[in-house]
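K.L.:
Letter by letter, the sequence shown follows residues 155 to 427 of my numbering.
Bear in mind the hints are in silico, worked out from the structure with no lab data behind them. Possibly wrong hints are sitting among the right ones.
As the list claims (entries may be wrong) - The list that follows gives simulated cross-link-like pairs (lysine to aspartate or glutamate, EDC-like), each with its CA atoms no further than 16 Å apart:
1) K426 - D336
2) K426 - D390
3) K189 - D210
To be verified - Taking CB as the label site, the calculated pair distances span:
4) G187 - L412: 21 to 29 Å
5) G345 - K189: 35 to 43 Å
6) D303 - P207: 36 to 44 Å
Cβ coordinates follow ideal geometry from the N, Cα and C atoms, glycine included.
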Amino acid sequence: MQDEGNGRAAKPGPGSIDTTKPSIARAYDVVLGGKDNYKVDRAVADQLRQTMPHIDDLAWLNREALGRTVRHLTAEAGIDQLIDLGAGLPTMENTHQVAQRHLPGARVVYVDNDPIVLAHGRALLQENDDTFVITADLRRPREILEHPDVRRLIDFSRPVAILLVGILHHLHDDEDPQGIVDAYMDAVPSGSHLVITHFCDVGEEAQALQDTFLSFLGTGRFRTVAEIESYFTGLDLLEPGVVSLPHWRPDKPVRTDLQLFERLMAGGVGRKP
155 MQDEGNGRAA KPGPGSIDTT KPSIARAYDV VLGGKDNYKV DRAVADQLRQ TMPHIDDLAW
215 LNREALGRTV RHLTAEAGID QLIDLGAGLP TMENTHQVAQ RHLPGARVVY VDNDPIVLAH
275 GRALLQENDD TFVITADLRR PREILEHPDV RRLIDFSRPV AILLVGILHH LHDDEDPQGI
335 VDAYMDAVPS GSHLVITHFC DVGEEAQALQ DTFLSFLGTG RFRTVAEIES YFTGLDLLEP
395 GVVSLPHWRP DKPVRTDLQL FERLMAGGVG RKP
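Take these sequences, add in the hints, and give me the full structure.
P.N.:
Right under this line is the structure:
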């Protein structure tokens, strides 16, 4: 992840988007079949596909899990405020679309450090007063939590959902991902929720994919289920706990003997008591 400075939203100008280095958001866009990416991002995606041919399917499993968790947060838990950290580029069934379909008036703030996300997000949300996009680095919780546009939309005296969907694995261990998670959850009141999906270490195949991520993108840590569970310390982990993504409250029956790519990400939702 690249540090985008002071965390304030700014209109991208000429040269503000670095097309010589791959972007997490744009590489994710590639594997989701999007068009908002560059040659360098497609090269990374091609390398990932060589190691894991089903990487595109894995990305869609993550996208579907996002939809199911947001539906739970809004339709079942009644959470009407969501902060989507490391949100990536807009695609189908974005967080605000799912949230506002199930709970009209739900407010969503998208945060990403790639300025292209700001450009596309602002265009998408021009007529949506309950949703906003800011360019900021999720590794700087205070700057995000104190950002004027976040404060304008989010009432921190009421429960908030913090979404770290497919992004926490892009933080290295020495960047203190646990401390970052804790900083966000310390800032929100009882009844708030935390959503995490994360690359999961399931053995040699996961290690090979991690090596590819680290070589070509510079980030991408595969952590064990126990390590992912530790991010929910102090929270009430909702059933079924931290599980492979297809097994988190599926809409239809799911096999118990998942294929490898279906086990390469795990996730869960926790509630702050």
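K.L.:
A separate judgement is required for each hint: does it hold in the structure or not?
P.N.:
Each hint, compared with the structure:
1. K426 - D336: Satisfied, since the Cα-Cα distance of roughly 11 Å is no more than 16 Å.
2. K426 - D390: Measuring from Cα to Cα gives roughly 6 Å; hence the hint holds.
3. K189 - D210: At roughly 14 Å apart (the allowed maximum being 16 Å), D210 and K189 satisfy the hint.
4. G187 - L412: 21 to 29 Å: 23 Å, holds
5. G345 - K189: 35 to 43 Å: Check passed, 39 Å falls within 35 to 43 Å.
6. D303 - P207: 36 to 44 Å: 41 Å, holds
Taken one by one, the earlier hints all hold for this structure without exception.
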